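Given next are the chains, with one letter for each unit.
There are 6 protein chains.
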Amino acid sequence: MKKIVSIGEVMLRLSPPSNERFFQTKQLELEFGGSEANVGAALAFWNNHVIHLTAFPDHELGLAATATLRRNGIDTSFIQHYPGRLGVYFLEQGAMHRSSKIIYDRAGSAFTKIDMKTFDWDKILDKVDALHWSGITPALSQECADFTFHALKEANKRGITIFGDLNYRSNLWNFGKKPHEIMPELLSFTNVMIASTRDFNNCLNEQYQNFESAKSHVFERFPNLKYITKTNRESVSSSHNKISASLISKENEYFSREYDLTHIVDRVGTGDAFAGGLIHGLLHHDPQYAIEFGMAAGALKHSVPGDVLLCSKEEIEEIVAGEAIGKIKR
Amino acid sequence: MKKIVSIGEVMLRLSPPSNERFFQTKQLELEFGGSEANVGAALAFWNNHVIHLTAFPDHELGLAATATLRRNGIDTSFIQHYPGRLGVYFLEQGAMHRSSKIIYDRAGSAFTKIDMKTFDWDKILDKVDALHWSGITPALSQECADFTFHALKEANKRGITIFGDLNYRSNLWNFGKKPHEIMPELLSFTNVMIASTRDFNNCLNEQYQNFESAKSHVFERFPNLKYITKTNRESVSSSHNKISASLISKENEYFSREYDLTHIVDRVGTGDAFAGGLIHGLLHHDPQYAIEFGMAAGALKHSVPGDVLLCSKEEIEEIVAGEAIGKIKR
Amino acid sequence: MKKIVSIGEVMLRLSPPSNERFFQTKQLELEFGGSEANVGAALAFWNNHVIHLTAFPDHELGLAATATLRRNGIDTSFIQHYPGRLGVYFLEQGAMHRSSKIIYDRAGSAFTKIDMKTFDWDKILDKVDALHWSGITPALSQECADFTFHALKEANKRGITIFGDLNYRSNLWNFGKKPHEIMPELLSFTNVMIASTRDFNNCLNEQYQNFESAKSHVFERFPNLKYITKTNRESVSSSHNKISASLISKENEYFSREYDLTHIVDRVGTGDAFAGGLIHGLLHHDPQYAIEFGMAAGALKHSVPGDVLLCSKEEIEEIVAGEAIGKIKR
Amino acid sequence: MKKIVSIGEVMLRLSPPSNERFFQTKQLELEFGGSEANVGAALAFWNNHVIHLTAFPDHELGLAATATLRRNGIDTSFIQHYPGRLGVYFLEQGAMHRSSKIIYDRAGSAFTKIDMKTFDWDKILDKVDALHWSGITPALSQECADFTFHALKEANKRGITIFGDLNYRSNLWNFGKKPHEIMPELLSFTNVMIASTRDFNNCLNEQYQNFESAKSHVFERFPNLKYITKTNRESVSSSHNKISASLISKENEYFSREYDLTHIVDRVGTGDAFAGGLIHGLLHHDPQYAIEFGMAAGALKHSVPGDVLLCSKEEIEEIVAGEAIGKIKR
Amino acid sequence: MKKIVSIGEVMLRLSPPSNERFFQTKQLELEFGGSEANVGAALAFWNNHVIHLTAFPDHELGLAATATLRRNGIDTSFIQHYPGRLGVYFLEQGAMHRSSKIIYDRAGSAFTKIDMKTFDWDKILDKVDALHWSGITPALSQECADFTFHALKEANKRGITIFGDLNYRSNLWNFGKKPHEIMPELLSFTNVMIASTRDFNNCLNEQYQNFESAKSHVFERFPNLKYITKTNRESVSSSHNKISASLISKENEYFSREYDLTHIVDRVGTGDAFAGGLIHGLLHHDPQYAIEFGMAAGALKHSVPGDVLLCSKEEIEEIVAGEAIGKIKR
Amino acid sequence: MKKIVSIGEVMLRLSPPSNERFFQTKQLELEFGGSEANVGAALAFWNNHVIHLTAFPDHELGLAATATLRRNGIDTSFIQHYPGRLGVYFLEQGAMHRSSKIIYDRAGSAFTKIDMKTFDWDKILDKVDALHWSGITPALSQECADFTFHALKEANKRGITIFGDLNYRSNLWNFGKKPHEIMPELLSFTNVMIASTRDFNNCLNEQYQNFESAKSHVFERFPNLKYITKTNRESVSSSHNKISASLISKENEYFSREYDLTHIVDRVGTGDAFAGGLIHGLLHHDPQYAIEFGMAAGALKHSVPGDVLLCSKEEIEEIVAGEAIGKIKR
Ligand SMILES: [Ca+2]
Ligand SMILES: [Ca+2]
Ligand SMILES: [Ca+2]
Ligand SMILES: [Ca+2]
Ligand SMILES: [Ca+2]
Ligand SMILES: [Ca+2]
Ligand SMILES: [Ca+2]
Ligand SMILES: [Ca+2]
Ligand SMILES: [Ca+2]
Ligand SMILES: [Ca+2]
Ligand SMILES: [Ca+2]
Ligand SMILES: [Ca+2]
Ligand code: NI
Ligand code: NI
Ligand code: NI
Ligand code: NI
Ligand code: NI
Ligand code: NI
Ligand code: NI
Ligand code: NI
Ligand code: NI
Ligand code: NI
Ligand code: NI
Ligand code: NI
Ligand code: NI
Ligand code: NI
Ligand code: NI
Ligand code: NI
Ligand code: NI
Ligand code: NI
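Chains as they are written, first to last, in UniProt numbering: chain A, 1 to 330; chain B, 1 to 330; chain C, 1 to 330; chain D, 1 to 330; chain E, 1 to 330; chain F, 1 to 330.
These are computed hints drawn from the structure, not numbers from a lab. Keep in mind the model is a prediction, meaning the values are calculated, not measured. Every residue gets a Cβ at the ideal spot worked out from N, C-alpha and C, and that includes glycine. A couple of the hints might just be wrong.
[Claimed, not checked] To be clear about the criterion: a stretch of chain E counts as covered by chain C if any three or more of its residues have a C-beta under 8 Å from a C-beta of chain C, and this derived list gives those stretches:
(1) 18 to 30
(2) 97 to 104
(3) 239 to 249
(4) 262 to 272
[Said to hold, decoys possible] BS3-like mimics (lysine-lysine), calculated; alpha carbons at most 25 Å apart, straight line:
(5) C/226 with C/2
(6) B/230 with E/329
(7) C/26 with E/26
(8) D/101 with F/313
Could you build the full structure based on these sequences and the hints that come with them?
Here's what the structure looks like:
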């Protein structure tokens with residue numbers, strides 16, 4: 001069992017049931033989700049001690065959000081509640097050739113006003129093994145960028161392994177800063193980074209032509225960086241994807257198997273499940289097992305409704321071992 | 001059949017099914033509602049031609065909102081769509097001793113940026129008999145206050161009867177102006193006003209001790225004002241209310257009967273149903289019938305889920321006539 | 001345990017969930033119901049052997065209807081299936097002041113073509129104690145009127161006690177005959193008749209001013225008639241009724257207690273539950289117990305969704321005895 | 001934006017949720033659908049002005065049907081309401097090897113009594129660009145056949161482009177006439193016809209051996225006919241189909257790509273979505289784009305529950321362009 | 001904020017939706033509930049630190065039960081998981097005259113095998129202010145009786161205030177012991193006891209004729225006992241109850257107001273909400289406020305679906321203060 | 001039409017809707033199922049007279065179970081009801097790579113106490129053509145083993161064809177006996193046995209290396225055995241399986257076609273559907289048709305939610321004939 005801190009916004013997720021479109025639905029299924037907390041929930045499900053840092057409004061929906069993280073096994077002791085709104089994302093699940101659609105309604109949420117000075121880092125980071133952040137958080141507001149910087153600096157100071165998911169999103173970054181004014185410093189603290197060529201180009205203001213050239217420059221520029229992770233997804237349709245990933249160090253590259261995923265139930269959060277699996281794998285095992293464990297977690301998430309993986313370590317291990325694919329377990 | 005214009009914001013209404021609390025629910029029922037459009041929908045259901053003026057975001061939920069108004073019989077030709085968010089209100093229905101709870105999340109909606117200059121008033125107000133506004137709109141933003149002022153001025157200029165629901169809400173009015181800086185001018189255009197002593201005091205910055213003294217001063221100060229309407233509600237519990245109303249001119253007072261309402265299904269929008277009934281009554285009948293028709297509409301709304309009345313003219317008339325209370329009609 | 005034959009149409013019942021109106025609903029709850037089969041189902045639930053005679057279309061919904069009667073304990077061996085449609089009734093449950101609304105769509109159903117000659121009366125009526133019919137059936141078609149006449153004649157011939165529910169409905173009787181051309185003959189076979197003054201007037205083409213005068217003439221005219229049953233219902237609202245009943249012979253009148261019914265769940269089928277209870281009571285007990293048992297069954301049905309009572313004999317008996325009203329039984 | 005008139009019956013569609021069979025279900029999902037109005041709804045969703053002509057009963061379900069067409073953007077001003085029943089179709093969705101099952105219960109609906117003389121053709125057809133009919137309507141009753149003939153004659157007289165979907169259904173045509181007594185005259189007015197060899201044979205009382213020979217004779221016999229459209233569907237299972245289509249003029253044939261459709265959500269209305277797309281394409285673009293736009297619309301409809309396409313022009317265009325297949329759009 | 005330990009079994013609660021009976025339902029709503037944990041959840045909702053002690057099976061439903069307690073704010077660190085089954089109770093909600101029905105299926109659950117020796121009492125009881133038990137636990141098995149005895153002895157030894165709910169249930173006590181062989185010793189440790197005359201008679205093997213005589217003997221026999229609490233419930237119907245309570249010391253009696261509860265949503269757990277309120281009141285306030293706070297909590301619980309109160313301290317306080325009964329709070 | 005007796009336990013089946021996991025669900029769909037009764041229900045759906053022998057608790061859920069078998073067309077006249085619990089199985093449907101999970105909670109059910117002496121075998125087995133048992137029943141308790149032995153002996157004595165599904169389950173067999181102490185005697189009565197090499201090895205305490213050697217020894221050892229049936233299933237994922245089967249006599253082997261099953265809805269009960277189809281086929285047709293009919297029934301069951309096939313004979317026959325795969329039947 002390891003102790004891990006994840007940081008980031010958790011939103012209200014509202015999605016029509018079955019395959020209904022926004023235009024026709026009369027009901028929305030309610031969940032709470034956010035990339036980094038999804039990672040945290042996967043890790044907590046496998047009995048790691050996970051502390052999530054975030055801020056919620058102090059009304060009933062903020063309480064419900066906290067309670068739901070707690071239900072998923074996350075340590076919510078350090079979550080803050082103050083006046084404001086809860087970020088919302090409306091999710092219409094795609095099917096067949098039809099794409100999924102997300103309408104974000106997160107501007108001005110309580111989280112965007114998070115105040116790094118109100119967190120007791122000594123207490124939070126005590127005996128912590130790893131911290132996980134993503135590129136979504138610093139894009140939301142100056143307060144969020146400051147909070148991320150501070151968390152990473154404090155973690156780095158204490159020798160905590162830092163994982164990041166670069167995850168560049170062009171429709172965020174509306175508070176006045178450019179990604180490359182903020183992200184390089186965050187990357188410089190990070191030890192394991194999930195990223196694509198496009199992520200690097202956008203966050204570092206570069207024009208790498210391919211992953212190969214991005215990789216060599218990035219390892220050079222950020223000496224703390226030990227691993228980069230690259231994921232590949234081919235989208236045959238909303239119901240059918242093929243996925244694989246590799247974990248890359250300066251010297252080696254570890255490949256996962258490829259998964260042919262038909263009959264997809266819920267693609268949202270599959271990257272987070274992968275990240276959670278990778279972190280778990282690297283904290284407890286070797287790199288080759290880590291990339292396989294991560295990818296198996298990511299593949300399994302496609303079968304679970306909601307943002308969160310909700311699969312046991314044993315279930316992932318069976319997939320890694322190639323046992324019990326689609327059986328009835330009694 | 002009369003032609004009526006209503007103006008105001010329409011929000012996404014999200015509420016847990018059955019009697020569930022926000023804290024426990026996994027699903028939200030989706031409706032669209034807003035005080036003035038609820039009034040408009042009631043009037044449209046009775047075959048009046050109702051134009052509603054509002055602004056929605058140009059995404060899928062904005063389209064669904066427009067389509068739902070249209071389904072309810074409202075003329076949506078003049079509704080505007082532009083970038084922004086849709087106002088949301090989360091509604092937890094009360095039951096027994098437990099109060100209902102509304103969490104508003106409407107700040108910064110597309111509607112708050114409505115631009116009066118983009119409306120073609122000649123075309124909109126052509127042959128219109130009545131316009132309905134409420135005190136919610138001018139409280140939302142300077143743009144909304146300007147828009148209301150403009151609409152009323154244009155309507156007044158054309159001799160259109162103006163109905164208003166004063167509806168003071170203290171947690172609105174955050175854009176910098178005080179109610180009494182804006183409301184008196186709007187009241188000066190209005191011919192029929194639904195209001196309580198508290199509404200008058202807050203909107204006019206007065207300290208009337210009772211309705212009697214408010215009434216005489218208000219009739220004096222606003223010569224266009226022909227009727228004031230006062231509603232009374234006694235709340236035994238969330239499931240049991242008693243309601244009645246009166247319609248007051250300078251010379252007369254017309255009283256409705258009192259309704260003893262047990263087994264309440266949905267109280268939201270009952271004031272709007274009353275307002276719609278009153279407008280219909282005054283446009284087509286005499287004051288005594290109007291106050292009875294309005295109150296019967298308001299009473300019936302307590303039995304219909306959602307924001308909107310959805311009862312036919314014949315159903316209201318039967319209640320007014322004291323026929324067919326709780327029968328099985330085959 | 002007694003053996004009882006009920007005859008009549010069973011329709012598809014479709015109703016919006018919760019308190020939704022037809023205008024707004026996206027879902028209909030599906031049940032199967034019909035007055036006489038509802039009576040039969042109540043009797044079967046109390047371990048009487050009940051044969052129901054009807055006709056269904058030979059498609060999947062007709063099979064589902066038969067299967068549902070069978071689930072409710074009814075002997076469906078003699079039900080016929082042939083080409084045609086299934087009668088439908090759409091039910092919008094009322095609430096508070098709002099009435100319930102039924103839209104019948106039953107014209108031209110398979111049942112209206114029922115052929116009395118295809119029934120083996122010797123086999124069906126073997127050892128039967130009682131037969132139950134209602135005034136709905138002869139109103140539907142000439143075939144239905146013939147079928148009812150035949151069934152009653154055959155039952156009467158064999159000394160079987162005949163129960164009827166006169167149940168005059170003005171929007172039926174569209175096949176060319178007037179009620180008084182058909183009903184008197186059917187009444188002449190009947191031993192126990194549930195009826196109001198209005199029913200008698202319409203079915204016998206009389207103008208009785210009150211029940212007293214109807215009663216004395218009817219007992220005179222129909223010597224087979226042993227009991228008339230009168231039910232009283234005061235409708236405070238759709239959610240609140242008061243009911244009572246009496247059982248009247250030439251010499252005596254037996255009164256039930258009155259029930260004050262608030263928080264009504266489903267009023268449909270409550271008269272059928274009463275009829276079932278009355279038949280059970282008269283077949284197994286004395287007249288005073290019978291009217292109490294019937295009324296308790298009718299009262300309890302208001303709490304059960306669907307057309308059918310679904311309450312055990314013990315539950316009815318406890319209500320009759322005044323025990324266990326609204327307890328938690330563990 | 002074009003102005004288009006569609007004509008035809010709209011029914012109540014009732015279907016069990018998920019994959020349930022009629023035999024087991026307790027709930028039916030309620031929609032309103034009909035082939036020609038489905039075409040109209042697709043066109044209205046893309047901002048064409050679509051008038052639908054039909055007749056509904058004047059009860060609550062007829063009002064709800066009208067309101068639902070209106071919600072979908074259709075101009076319902078000319079819809080008629082009079083006494084009668086609403087046609088119903090019960091739909092059990094197939095899955096895997098299991099076929100879908102439709103039980104029609106439409107005989108004697110209000111629509112079958114539609115009276116062509118009550119429509120003001122000058123007003124309806126003013127500035128109209130196109131009219132769409134299908135072979136279902138003339139099969140329903142003499143009134144329906146007359147109504148179709150009249151609408152087509154009036155449209156033809158005004159130079160309006162006429163689209164038709166021949167759609168021969170053997171279990172209709174019960175009112176006494178044979179298809180070839182009625183259909184040739186309707187075909188003679190039509191400019192673009194969707195049809196198979198089997199449709200032509202049944203409607204023209206011919207025995208064409210293949211589409212090639214049907215095509216040449218039909219173009220010869222009906223000089224107004226400019227295009228025939230042929231669609232191909234291979235059914236691997238209820239969940240997996242392959243579809244393509246071509247648009248054929250006397251001189252040319254334009255082919256769509258083939259779509260491999262796995263994970264089908266709802267096949268009903270996919271032909272109508274195709275027809276809508278084809279009409280839109282031919283009214284706004286060239287024949288090659290039209291057949292691709294139609295087929296993309298038809299393919300996308302398989303992913304949307306209900307009878308109606310509910311996909312934007314942009315979504316169809318992306319499929320035509322081969323972009324954004326099964327992505328998550330944020 | 002106080003620290004409180006609750007002990008007892010938590011079961012899977014399965015109940016038909018709406019007002020459906022077991023006989024007709026196709027779905028069961030799933031909750032987890034148990035008398036003592038319900039008390040704990042109410043206390044945790046008011047920011048007390050509540051540790052619940054119980055045992056669950058180590059399968060998925062046991063994990064879900066633990067997670068649900070955790071969601072409700074309960075400290076689940078000391079809950080044990082080992083092989084076995086989860087106790088189940090099937091709940092059919094009553095309505096109107098119809099009683100609620102509970103089918104227990106709890107025999108042989110993992111909890112009945114709980115092993116007191118596996119609990120680290122020093123750690124669990126560190127700084128604890130109060131412990132709550134009920135008479136259900138010692139009735140389940142010898143292991144459960146031993147576990148209760150041990151917990152109370154350890155708590156008593158440390159000066160912790162002990163609350164109990166005597167709650168005699170005749171259909172438990174099947175493991176060989178009589179209540180009076182076990183309960184007196186448990187009572188001797190208890191400081192505040194909720195009990196009726198019937199409870200005392202059954203648990204102490206006495207024949208007290210009324211509460212007055214029970215009270216004086218019990219205070220005499222059990223010197224640790226400081227308060228007895230008596231609750232009164234009049235059941236007009238399943239939908240309408242009247243409740244009140246009093247708190248009795250040797251010298252004084254503190255009475256709550258009476259609540260007239262119509263439109264009841266869910267009566268289960270209302271006694272537990274009362275107990276939670278009473279404990280909270282006595283730990284933080286005076287006896288008069290405590291009995292009012294407890295009764296207000298109990299009254300409010302009737303409006304909340306599920307076993308657990310889920311109402312904030314502020315909501316209870318408003319009821320105690322007589323404010324905000326059945327309002328809409330915005 | 002044949003007369004068939006099936007024997008075995010029927011449990012309450014509880015499963016989360018859609019693709020939800022146990023951990024996250026708030027609702028369970030309720031069905032009743034058990035291997036042998038599922039076989040019986042399939043046979044009854046095809047108009048065979050099927051008597052099922054089992055025992056249920058005498059509470060409401062036991063009544064509902066009986067009623068549901070009756071709804072499915074099974075003759076429930078000989079089912080026994082006495083005190084006890086109803087066996088439960090919780091089913092989480094798998095999807096994609098994720099396996100299905102069943103939690104059995106059946107120990108100590110009423111069925112395990114079934115008393116063979118209370119059955120009137122002369123009456124039950126009168127004119128019966130076939131009896132079906134499975135290896136689940138004798139594994140449950142000594143009473144169940146005795147009951148099975150008795151039923152088979154009585155059937156064998158009367159020349160009734162005996163079908164069995166060997167179905168070895170290692171987590172049953174907890175009552176003290178080993179399979180090979182009981183199963184050989186049951187096998188010796190059986191004429192047609194569904195079994196795998198693993199089943200034979202476990203039930204006969206053998207170590208056959210392959211089906212070939214098992215087959216020859218088994219035919220030798222059990223002279224009553226006329227056919228063995230072997231089924232093959234390849235699990236690509238929970239949503240995609242391939243299945244086929246063969247029917248083997250001493251001299252011949254009859255092969256079914258292979259089915260490629262994608263988009264699986266519900267795999268549970270597919271083996272029972274196969275067994276039902278096989279029995280029906282062998283009772284009414286030749287062995288080659290029987291194995292095809294069985295496999296087609298098994299394949300179709302994958303598309304139907306619940307334990308039971310619910311497909312007509314005609315639907316199966318169409319699949320056998322290769323017609324109507326995935327069409328829309330109107
Ligand atoms: Ca879902
Ligand atoms: Ca979901
Ligand atoms: Ca609702
Ligand atoms: Ca609602
Ligand atoms: Ca219901
Ligand atoms: Ca119902
Ligand atoms: Ca659906
Ligand atoms: Ca649908
Ligand atoms: Ca509920
Ligand atoms: Ca509940
Ligand atoms: Ca399901
Ligand atoms: Ca199911
Ligand atoms: Ni679903
Ligand atoms: Ni869900
Ligand atoms: Ni509900
Ligand atoms: Ni729920
Ligand atoms: Ni859910
Ligand atoms: Ni609703
Ligand atoms: Ni409901
Ligand atoms: Ni709804
Ligand atoms: Ni829906
Ligand atoms: Ni229902
Ligand atoms: Ni569904
Ligand atoms: Ni269902
Ligand atoms: Ni739907
Ligand atoms: Ni409900
Ligand atoms: Ni239901
Ligand atoms: Ni619920
Ligand atoms: Ni589902
Ligand atoms: Ni279901």
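Review point. Are 3 or more residues of the stretch 18 to 30 of chain E near chain C, judged by a Cβ distance of less than 8 Å?
Key: Coverage by chain C holds here, the residue count being 6 at a Cβ distance below 8 Å.
Exercise for review: Verify the coverage statement for the stretch 239 to 249 of chain E against chain C, using a C-beta to C-beta distance below 8 Å and requiring 3 or more qualifying residues.
Suggested key: With 3 residues close enough to chain C, the hint holds.
Check your understanding: Under the criterion that the straight-line Cα-Cα distance not exceed 25 Å, is the pair residue 230 of chain B, residue 329 of chain E satisfied?
Key -> Given that 25 Å is the threshold and the Cα spacing comes to 21 Å, the pair holds.
Practice item. Confirm or reject the coverage of the stretch 262 to 272 of chain E by chain C under the rule of 3 or more residues with a beta carbon closer than 8 Å to the chain's beta carbons. Key: With 4 residues closer than 8 Å to chain C, the stretch 262 to 272 of chain E meets the three-residue bar; holds.
Check your understanding: Are the Cα atoms of residue 101 of chain D and residue 313 of chain F separated by 25 Å or less?
Key -> The hint holds at about 15 Å.
Check your understanding: Can the stretch 97 to 104 of chain E be counted as covered by chain C under the rule of three residues or more with Cβ-Cβ separation shorter than 8 Å?
Key -> Holds: 7 residues of the stretch 97 to 104 of chain E have a Cβ under 8 Å from chain C.
Practice item. Given the hint that residue 226 of chain C pairs with residue 2 of chain C, test it: the Cα-Cα distance must not exceed 25 Å. Key: holds, 20 Å
Check your understanding: Holds or violated: residue 26 of chain C with residue 26 of chain E, Cα cutoff 25 Å?
Key -> Holds, because 19 Å separates the two Cα atoms, which is no more than 25 Å.
Consistency note: the structure conflicts with none of the earlier hints.
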